[in-house]
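Chains A and B, in that order, give the protein sequences. All the letters of the first sequence, read from the start, carry residue numbers 1 to 115 under our numbering. All the letters of the second sequence, read from the start, carry residue numbers 1 to 279 under our numbering.
Hints should not be assumed to be uniformly reliable.
With a cut-off of at most 20 Å between alpha-carbon atoms, the simulated EDC-like pairs for lysine to aspartate or glutamate come out as follows [said to hold, decoys possible]:
#1 B:Lys67 / A:Glu98
#2 B:Lys204 / A:Glu79
#3 B:Lys67 / B:Asp151
#4 B:Lys204 / A:Glu3
#5 B:Lys252 / B:Asp221
Quick caveat, the hints were computed from the structure, so don't treat them as lab data.
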Amino acid sequence: MHEYSIMQSALNQALREALRAGAARVHEIRLRVGVLSGVAPDTLRFAFETLAPGTSAADAVLTIEEVPARFWCASCRREFVSPNLYAECPDCGGASGELRAGRELELSSMEVEHV
Amino acid sequence: MCDQCGCGLSAGIPVTVSGHVHPHPADHDHPHDDHGHDHDHPHHSHSREPGAQERRTLELRHAILEKNDRLAERNRGFFRARGILVLNVLSSPGSGKTTLIGETIRRLGPRLRTAVIVGDLATDNDARRLRDTGAPVVQINTGAVCHLEADMVARAFQQLDVAGPELLIIENVGNLVCPAGYDLGEDLRVVLLSVTEGEDKPLKYPPAFHSANAVIVSKLDLGRACDFNREAATANLRHMAPRAELFEVSAKAGTGMDGWCGWLLRRHEALKHRDPMAS
């Protein structure tokens, strides 16, 4: 259940950026969450509903883009997306060790409002 | 040229006006040399009602765990500068981390000065067990926190009463989910899978196994009693941790401990000879 502390960090960063931009309200917060980040998007949403009230993001929408696991196959010299998270190349069956995407835990952008 | 409306302004800071993303501010001048003022402009308005609210998109791309990542890098630099090999040991509760670490210290002790930082929600039971080995141990009680973080490790290290340790073993909180996301500044992440947990554990907890540099199949002495299917476990580990070194160990019976300890000695040797300018 570390989603609460992660959501709190993301929200704090977002509120800080909103303040810096001189925004009155936050309309939307967008996160990118990799499938191998170990973080459950639904729990983040639940945490956000608990943490946002009373802040300038109280009415904001939380949008979470889930980033699939993408590996690099050195033999085939190509990337592959792995829906089952197996690190094996679907073409040659070789075991890839190089994870190129899927660990993201990122506050990607936000939508703010100025009066 | 602006790719939203085709006017001559270059794209600048993206701005969202009335729900439409626009790469430059909405209230710019708009020359109309080559056409009349009745041009079709269906997508958005360039004028703002007085007093209307302006929406803006802020592009951020901030790593949410940036603070922990930064502190972990600081730890890594600190440990590397002192030639300390650092292990971050992860597993579910009860997989045999403490027993493995205790036995590792007993075997390596004469050759590598070893210190331990151990994390649990409560009690110092593990620290007391590990102190029997003679190694300096600091217990971190995380309270409600389900994982160790880089700053906890930095603070705990300051409390260790040891001169010039060569190996630092960090026993993380027993939890196969949350610790996977937190870099502590370790050289090697070691993930345990005990034979009592089932062969499909790597498939159930992908983040931890994908991040492992070494996987230890522990409690091998109980394998038969648990009908442990070694082939299935190995195949699952290959799916989730293809690059990790694999060790099959019974810390209690001593099986596989030579291979594991030998590997640690080689990794420590490699650390000593690493170019200090390399990352």
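So, going through the hints one by one against the coordinates:
1. B:Lys67 / A:Glu98: violated, 25 Å
2. B:Lys204 / A:Glu79: violated, 24 Å
3. B:Lys67 / B:Asp151: Roughly 9 Å separates the two Cα atoms, so the pair holds.
4. B:Lys204 / A:Glu3: holds, 19 Å
5. B:Lys252 / B:Asp221: Between Lys252 of chain B and Asp221 of chain B the Cα gap is close to 8 Å, so the pair holds against 20 Å.
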